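Q: Spelled out, the chains give:
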Amino acid sequence: MIKSYKKKRAMGNALGYIVLILISFIWLFPFVGLVLQSFRSYSNEYGGMVDYLVPHQFSLDNYRFLFSGETNYIRWYLNTLIIAVCVALLQTIIVLCVSYALSRMRFKGRTFLMRFWLILGMFPGFLTMICLYFLLKQFGLTQAGAVPGLILVGVASSGMGYYVCKGYFDTIPKALDEAARIDGATRARIFFTMIIPMSKPIIIYTALVAFMGPWCDYVFASYVAFGHDTSYNVAVAMTRWVWTNDYQGYFTRFCAGGVLIAIPVTLLFMFLQKYYVEGVTGGAVKG
Amino acid sequence: MAGGANKRKKDAASLSFKAIGNGFKEIGVTFVEGDIKTKLSYLIFGLGPILRGQFLIGAALLLCEVLFFWFMFGFGWQYLSKITTLGTVETHKVKRKTVYGDNSFLILLFGILCIFAIIAFITIWYINVKVNRNEELALKQGKKLPSNKDAFRSLFDKNFDKTLLALPVTGVFVFTVLPIVFMILVAFTNYDKNHQAPTNLFTWVGLENFKNLVSFSGTGLGPTFIKVLLWTLIWAFLATFIDYFLGLAVAILINKKGIKFKRLWRTILVLTIAVPQFVSLLYVMKMFANDGIINGYLIKWGIIDNYIPFWSDPMLARITIIVVNIWIGIPYMMLIATGLLMNIPEDLYESAKIDGANGWQMFRSITLPYMLFVTGPFLLTQYTGNLNNFNVIYLLTQGRPQSMNMAERAGASDLLVTWLYKMTVTDTNYKMAAVLGIVVFIVTAFISLGVYNMLPSVRDEEGFQ
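Residue numbers (this note's numbering), protein chains in the order written: chain A, 67 to 353; chain B, 23 to 487.
Extracted from the complex, chain A is given alone in its bound form (with noise of 0.2 Å):
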């Protein structure tokens, strides 16, 4: 009887670990051809499509293409870095103050504030887009500024999403700051020195959120920058080589690029996962 039971327990985690086994192969397929495509050498083999997975040659000429001055990968990649670091730091800003002053003050017109921007959030963001790009036009924050436009567009509206963070607000208790307040502490003092400290898991999950929005943005910024090349952050300069019929062969010097971009991105998220999880569960639960 006992035995059966082991047995049977045996043969389900076998087949679990079957089950995750292949699951696993599926995951990473497309990344292990990702890195080893990028690899391909340009000059013995074709840099376009192929029916084989791993290169004949392995050569590191893709990546010298990227940083030989043919293109200006090395300044996508700045501007990229450039926008998300400037919107992640703001963003986080903007979002902590709407957040503590939604959850610990209660004023006139809060509970407008939050319905308006709840319906505001249901219009597709693409909508906008013509009307942004015209305003931005007018401050000349387009094309050749395009990057300072991206970064203000990037910030501007992130008041909208306090949601995770609020949420997170909420659950330290108010009777903390009563204490404070009869203390003496103000509003500000509490916000700075008490409830500012004590978030630190959702200020990185803020951060982490808002940086790595601007780094994989396409839409916004293909549209704004729209064929002034020295302004293009990497996804935009980069879809044109698999979109595009004028980039026949770009194919693995496009792995190659992405491979470069996704990796500090992929480190900093496998490093900060922890926080990752618990926000974007915390925002689950609560809505």
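Certain hints may be false.
As the list claims (entries may be wrong) - When the alpha-carbon atoms are kept at most 30 Å apart in a straight line, the in silico DSBU-like pairs for lysine-lysine are as follows:
1) K162/B x K174/A
2) K215/B x K203/A
3) K61/B x K40/B
4) K340/A x K232/A
5) K266/A x K203/A
6) K74/A x K279/B
Simulated from the structure, these hints should not be mistaken for laboratory data.
Please read all numbers here as calculations on a predicted model, not as lab measurements.
Add chain B to chain A, keeping to what the hints say.
A: Frame of chain A; chain B shown alone:
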């Protein structure tokens, strides 16, 4: 239940009417009972507070008034006055020189801005009256008015919310509210590639574009619109629920007792979240391409003779998208489910086991109900998120394959948002893009608000604190 809700709504409505009535009454009372300082403040904002020594508040109010008039007369009026026609003077050529006429785009944009400015002006005027009233009442009762220093300090204490929210709210206003109102109004104009500012004028056309969207005759977009809308709804449904249940299954599998290397499995799955989608999805797109690696190997191994048209066959493209989306979606669900599964009390399972329940029964009567209850709001946001899931569709197929019997370059895998995007960028058909945007909003709002109110776990916000 419904009757109660209706009554509450009525009460709320009558309350707000009462509040407005009281507001008007107070304006009158303040004027009649007020001293000369207050009376003058009705014209010159903040004069009362300044004369009473409240420089900070008074100066702020006065500055608002000055800014408003400077904006309206120096800049806004020329646009606002033309908003009914959106401009009449066409750009034309005098000899060889181009003489620019009215710019409909700017007229509409700044016209809206002016209307908002006027609303803000009236609000500030009302605040101005209120401030005067409060100060007078306080003085009458023999209280001392707070000093300027105190008023400034309160911005970091009692009024800290105003300090914190000033910038974010302004940002949302300029970069979200203003553009959205603008685009909603564009839906009622003929702004498209033949009517592009500044060379051409565009003007109001009423409900013409909406009629076009649902018209089934001639060049009407009706048939295409129905197809795209249906696919959008089906896609969002499949993408949400397939990912949800598969993700849950994977999470349970990894959480199972006896499975080792839990962190490793999770890390492998989470890779799809970490790697930028434009890299991973474009690579996957190329993998499934006609000359891609999957077709390549299948042909090489002799399993098929001709390539499988993953992206060019309409039905196959849709299926492939859903399959690839599973690859993207499972990890999210897995992460969320893993955390939540640990919250289910272990003894529930223990007692179920003693009662002789098998794994499937336990899943059905313990795990699933709990998960559905807790993740209700999440499922809802996932669904609306998938309705607008631009990245997956656009990076994989760009809405293709296109077909002749669909209007406006719509393709078989186009969602409303990708269609909207194409209209904006490729065709500059702004009027129809605006109409589509409104439709997307209506669909999203309808589904979210309808379902949201039925969810049990979102009733009492304060309950969490």
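Q: Next step is simple, just say for each hint if it's right about the structure.
A: Comparing the hints with the structure gives:
Using a Cα cut-off of 30 Å, the hinted pair K162/B and K174/A holds, with the two alpha carbons roughly 26 Å apart. Distance check on the hinted pair: K215/B and K203/A sit about 19 Å apart at the alpha-carbon level, within 30 Å; holds. Note on K61/B and K40/B: the hinted pairing holds, with a Cα-Cα distance of about 25 Å set against a maximum of 30 Å. A distance of roughly 19 Å separates the Cα atoms of K340/A and K232/A; the hinted pair therefore holds under the 30 Å criterion.
Restraint check for K266/A and K203/A: not satisfied, since their Cα atoms lie roughly 38 Å apart, outside the 30 Å limit. This hinted pair checks out: K74/A and K279/B have alpha carbons roughly 13 Å apart, not beyond 30 Å.
Consistency note: the structure conflicts with earlier hint 5 alone.
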